[in-house]
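Asks: Sequence:
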Amino acid sequence: MPDAGAILDNRRRWAAPGSSHDRTVAVLRVALPVAIGIMAAFVVVLPLYAGGDVSFLLDKNKVEVARERIRIQSATYRGQDDKGQPFAVNAGSAVQKSSAEPILRLNKLSAEIGLTDGPANVVADRGHYDMDTQ
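Start counting the sequence shown at 601; every next residue gets the next number (this note's numbering).
The set of hints was computed from the structure by calculation and includes no laboratory data.
It is possible that part of the hints are untrue.
Pairs of lysine-lysine, BS3-like flavour, derived with a Cα cap of 30 Å [unchecked claim]:
| # | residue 1 | residue 2 |
| --- | --- | --- |
| 1 | Lys660 | Lys697 |
| 2 | Lys697 | Lys708 |
| 3 | Lys708 | Lys662 |
Generate coordinates for the entire structure from the input sequences, incorporating the hints supplied.
Replies: See the structure below:
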């Protein structure tokens, strides 16, 4: 095991002016800012010379048009009524045919509401939701 004097001598040598640590710090003092400048220039210049165009043009006449404006599978709507009673409406699917028609057609509906005298459940095969009147 090294004695305390040897450890102290090593530390003094390491911390002495002109030691290898001082030379390393002097080199890094210049090298690190230069490296950062080179990387920053690389980040700025690379997109100017990168091959391939990121943007593209799309002809609206050649794009496939969806049959529906909105199609949702397994939709759930939760909230509270005016009395603060929680409710949830679930639909197996919801479809809006077009933006001109504000009707959302719902299939496989179920609804639950927590009433003061107990929960109530309603089930329906189909229904619709008018977005303009709601």
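Asks: Does each hint hold? Answer for all of them.
Replies: The hints, checked one at a time:
no. : hint               : verdict
1   : Lys660 with Lys697 : 20 Å, holds
2   : Lys697 with Lys708 : 18 Å, holds
3   : Lys708 with Lys662 : 35 Å, violated
The structure fails to meet hint 3 from the earlier list, while all remaining hints are met.
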